[in-house]
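Protein chains: 2
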Amino acid sequence: MAGDKKQVESITSMKEDFAQWYTDVVTKAELIDYSSVKGLMVMRPYGFAIWENIQKELDSRFKATGHENVQMPMLIPESLLQKEKDHVEGFAPEVAWVTMGGSEELAERLCVRPTSETLFCEHWQHVVHSWRDLPKLYNQWCSVLRWEKTTRPFLRGREFLWQEGHTLHATAEEAMEETLRMLEIYADVAENCLAMPVIRGRKTDKEKFAGAEATYTIECMMHDHKALQGGTSHYFGDGFAKAFDICFADKQNKLTAPHQTSWGMSTRIIGGLIMTHGDDNGLVLPPKIAPVQIVIVPVASHKQGVTEAAQELCGKLKEAGLRVKLDDSDQSPGWKYAEHEMKGVPLRLELGPRDIAQGVCVMARRDNSDKVTASLEGIEKSCADMLDAIQADMYSRALENLKGNIRPAYSLEEAAEIISTKGGFIKSMWCGGLECELKMKDVAGVSSRCMPFEQEHLGDVCPICGKPAVTSIIWGVAY
Amino acid sequence: MAGDKKQVESITSMKEDFAQWYTDVVTKAELIDYSSVKGLMVMRPYGFAIWENIQKELDSRFKATGHENVQMPMLIPESLLQKEKDHVEGFAPEVAWVTMGGSEELAERLCVRPTSETLFCEHWQHVVHSWRDLPKLYNQWCSVLRWEKTTRPFLRGREFLWQEGHTLHATAEEAMEETLRMLEIYADVAENCLAMPVIRGRKTDKEKFAGAEATYTIECMMHDHKALQGGTSHYFGDGFAKAFDICFADKQNKLTAPHQTSWGMSTRIIGGLIMTHGDDNGLVLPPKIAPVQIVIVPVASHKQGVTEAAQELCGKLKEAGLRVKLDDSDQSPGWKYAEHEMKGVPLRLELGPRDIAQGVCVMARRDNSDKVTASLEGIEKSCADMLDAIQADMYSRALENLKGNIRPAYSLEEAAEIISTKGGFIKSMWCGGLECELKMKDVAGVSSRCMPFEQEHLGDVCPICGKPAVTSIIWGVAY
Chain A
1 MAGDKKQVES ITSMKEDFAQ WYTDVVTKAE LIDYSSVKGL MVMRPYGFAI WENIQKELDS
61 RFKATGHENV QMPMLIPESL LQKEKDHVEG FAPEVAWVTM GGSEELAERL CVRPTSETLF
121 CEHWQHVVHS WRDLPKLYNQ WCSVLRWEKT TRPFLRGREF LWQEGHTLHA TAEEAMEETL
181 RMLEIYADVA ENCLAMPVIR GRKTDKEKFA GAEATYTIEC MMHDHKALQG GTSHYFGDGF
241 AKAFDICFAD KQNKLTAPHQ TSWGMSTRII GGLIMTHGDD NGLVLPPKIA PVQIVIVPVA
301 SHKQGVTEAA QELCGKLKEA GLRVKLDDSD QSPGWKYAEH EMKGVPLRLE LGPRDIAQGV
361 CVMARRDNSD KVTASLEGIE KSCADMLDAI QADMYSRALE NLKGNIRPAY SLEEAAEIIS
421 TKGGFIKSMW CGGLECELKM KDVAGVSSRC MPFEQEHLGD VCPICGKPAV TSIIWGVAY
Chain B
1 MAGDKKQVES ITSMKEDFAQ WYTDVVTKAE LIDYSSVKGL MVMRPYGFAI WENIQKELDS
61 RFKATGHENV QMPMLIPESL LQKEKDHVEG FAPEVAWVTM GGSEELAERL CVRPTSETLF
121 CEHWQHVVHS WRDLPKLYNQ WCSVLRWEKT TRPFLRGREF LWQEGHTLHA TAEEAMEETL
181 RMLEIYADVA ENCLAMPVIR GRKTDKEKFA GAEATYTIEC MMHDHKALQG GTSHYFGDGF
241 AKAFDICFAD KQNKLTAPHQ TSWGMSTRII GGLIMTHGDD NGLVLPPKIA PVQIVIVPVA
301 SHKQGVTEAA QELCGKLKEA GLRVKLDDSD QSPGWKYAEH EMKGVPLRLE LGPRDIAQGV
361 CVMARRDNSD KVTASLEGIE KSCADMLDAI QADMYSRALE NLKGNIRPAY SLEEAAEIIS
421 TKGGFIKSMW CGGLECELKM KDVAGVSSRC MPFEQEHLGD VCPICGKPAV TSIIWGVAY
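First to last, the protein sequences are chains A and B.
Numbering-wise, my numbering puts 371 at position 371 of the first sequence, and it's gapless, one number per residue.
Numbering-wise, my numbering puts 229 at position 229 of the second sequence, and it's gapless, one number per residue.
Certain hints may be false.
[Unchecked claim] Non-contacting residues of chain A with respect to chain B, defined by C-beta distances greater than 10 Å in every case (computed):
hint, residue
1, S375
2, I418
3, D442
4, G466
[Claimed, not checked] Below, simulated BS3-like cross-link-like pairs (lysine-lysine); rule was C-alpha separation at most 25 Å, straight line:
hint, chain 1, residue 1, chain 2, residue 2
5, A, K427, A, K439
6, B, K28, B, K325
7, A, K63, B, K427
8, B, K251, A, K56
No wet-lab data here; the hints were simulated from the structure.
None of the values given here were measured: they were computed from a predicted structure.
Using N, Cα and C, we set each Cβ at its ideal position, and we do this for glycine too.
I would like the entire structure built from these sequences, with the hints used as guidance.
Laid out in structure tokens, this is it:
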């Protein structure tokens with residue numbers, strides 16, 4: 001084994017230091033590299049390939065529900081950003097400003113988009129005139145800037161990649177339906193592709209998007225029992241439309257303001273993916289999203305026929321539509337095992353002279369370390385079945401983690417006690433008041449995650465103020 | 001026909017005002033909308049769908065030749081941009097500067113990437129150490145900013161979308177092979193997907209990319225016989241590697257500087273597509289790139305069975321893998337014909353009660369206005385064949401335009417005379433001197449397009465200075 005190639009080093013264990021474990025994984029699995037600008041990172045091929053697979057899943061669902069991709073400008077004039085009052089208050093403190101073009105000072109400074117509601121509104125004001133022009137069902141893939149103070153790869157960047165959907169509808173009902181439809185698409189991709197179970201719900205007014213009437217969210221639980229917001233969908237009513245003077249002639253030729261939504265999922269979800277499934281050997285990727293689903297490692301590849309058999313096996317699996325990689329580099333099998341474990345490849349096939357003689361190979365699962373011997377006859381089906389099993393088992397384990405770490409609290413003190421001793425999510429009733437929400441943060445250190453669609457009756461009163469409860473709510477410490 | 005939907009208006013004719021014709025097409029075919037920032041545009045769904053199809057063609061070819069997608073930061077610190085001297089001289093005058101983050105002045109100003117060589121180099125300096133780490137074959141899809149003075153949709157924007165490939169190789173030979181391989185991929189996509197014939201060649205030193213040792217180009221001819229640079233591929237030697245301190249241990253463990261390339265194609269090519277194929281009725285799109293290849297227009301759709309027959313036809317063609325749209329809106333057939341002609345849909349199928357009774361439909365070609373009647377039996381094959389014929393004919397006509405408008409010039413005066421009376425490209429011999437290149441610009445108003453790979457012997461001396469010629473060269477007025 002050559003000494004000039006990096007060794008696969010062990011990483012910090014989760015228990016020892018979860019934050020350091022995370023940093024080790026994102027760098028040693030070669031997902032990212034740091035750039036010289038704080039909060040801006042390089043997505044390396046393996047990291048970007050994960051994003052491309054998530055993009056494919058989302059984009060096909062967007063298109064199947066009638067959405068069209070567009071591209072808005074990257075820069076927003078300050079005056080345009082200021083048109084909707086709540087929106088600018090929410091975003092102005094954290095935007096990056098372009099003030100010079102070449103050697104000239106700009107007459108008006110331009111911010112690099114932190115989100116594009118204002119740009120979509122400006123465009124719609126130009127092109128929407130009649131009920132025939134509605135609905136507009138648009139989506140954009142791009143990167144945005146938000147000048148955050150503290151940053152972490154994927155989880156909180158000054159730049160991140162995302163998609164932002166923006167839609168405009170003739171009626172409030174249609175817009176609300178769209179808002180919930182898109183939330184369900186996020187939940188579908190999270191649960192069925194990323195193997196990340198989610199809680200669907202509505203954000204409190206305190207936590208909703210700047211300018212929205214209502215924000216809906218999918219909330220995920222990480223290995224350390226903290227919360228990660230996986231995607232959000234916003235209902236705007238006609239507030240933006242009125243601020244931007246968008247109106248259309250309805251079928252009775254009456255001028256009406258349309259209703260609007262937006263929804264986004266970002267590369268942040270990759271951070272969630274890592275912290276949901278990873279372990280002390282590195283990344284663990286669900287087969288549906290893994291850039292490489294199967295790695296073939298030849299054993300004793302200098303022996304006659306091993307390389308050829310490995311190539312044949314690789315070709316067979318590729319033909320069956322599986323994403324497979326043959327690692328025929330000159331590293332040792334042990335080095336390769338560690339490397340592909342670090343990268344979270346769901347399934348490893350080991351193939352040596354004795355296996356070949358017996359017409360078998362060894363299948364090693366990444367998610368639970370099980371090893372079985374499988375016949376090369378029909379190996380495509382065995383692999384496909386195994387990948388399905390891995391996907392399902394990963395979801396089940398994550399669901400168990402989520403369910404096992406939501407605890408009811410019937411008083412502020414109980415909530416604080418649970419958080420300080422056990423962590424996880426708290427569920428409780430709530431009066432709907434901002435004051436109680438702030439008190440919960442103060443005393444127990446948790447923020448509201450959402451008012452879940454699946455409501456529970458945990459009592460009649462708010463455990464914080466004792467007034468009548470209007471909803472059940474989930475609390476947690478969030479990334 | 002309802003009055004609240006925009007009428008399909010006629011557009012300025014090409015002969016009357018080519019520039020206005022172009023502007024009419026990009027707006028009335030709903031490719032773009034202007035934003036409130038000069039030079040930044042909205043790519044509307046139809047325009048973006050064309051780009052998505054071009055992306056698919058390029059991306060699959062990049063991946064088939066072993067390239068991986070990555071994402072670099074959007075911002076470049078001033079000090080990083082300045083590391084390669086020629087590069088910064090070329091780009092510094094036209095970049096947009098971010099100077100504030102939130103309400104704070106930045107310690108160092110950051111430019112929005114005009115191109116990403118410096119970022120790739122910074123990353124490679126971190127991760128390339130050994131011959132095992134090479135080659136790096138990377139590509140990035142993104143948007144970039146260049147603060148141009150004059151702007152036109154697609155052709156010259158302060159923001160444009162593109163892909164930029166960046167590769168790093170152990171040897172100069174490998175890097176040069178890569179440079180030419182990628183140019184050939186651009187030529188392939190231009191000729192075989194966009195039906196745009198190209199001249200492949202090398203740029204003069206004056207016209208090459210800032211920091212490159214050699215730039216290769218594909219040059220296209222527009223309807224007005226002006227030139228458009230369709231894509232470029234650059235060979236950098238080891239200049240950037242040395243400036244950024246990238247080196248690797250070769251197999252003999254000797255530290256060596258790697259060799260580098262970059263190559264890009266942008267949304268500019270859509271401007272070229274429009275000006276290569278469009279006509280006085282609007283856009284004309286080649287079938288391989290058209291978002292909608294076939295539009296079905298029912299005639300007398302209120303009559304029994306027409307809508308159903310149109311839907312059945314649509315389903316049949318979709319199943320055959322064709323991109324087909326049924327226009328069942330309540331506009332008149334005439335309005336629809338004009339609308340889809342404006343949008344350049346390659347093939348229109350008209351279907352009325354009489355056609356249905358006879359088991360036929362009318363096929364109308366966009367590119368040459370031919371109309372034929374075809375049996376509904378086997379219509380999938382008739383359509384597929386017709387689309388192939390349209391694609392081939394569009395290429396042939398464009399090639400004829402190109403070939404018919406390149407004229408040899410044997411003196412500076414002859415060149416000037418040809419340009420002022422006939423326009424088009426000039427071909428001549430050239431001594432290789434910058435002075436002659438500048439003189440040609442001065443006297444005939446043309447810039448050098450490229451030294452074509454297909455060299456011609458048009459004499460022994462440079463027609464400008466009379467010194468011995470070293471190459472044949474193409475001149476033209478360029479977009």
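Could you work out which earlier hints the structure fails to respect and list their numbers in ascending sequence?
-> Checked against the structure, the hints that fail are numbers 7 and 8, while the rest are satisfied.
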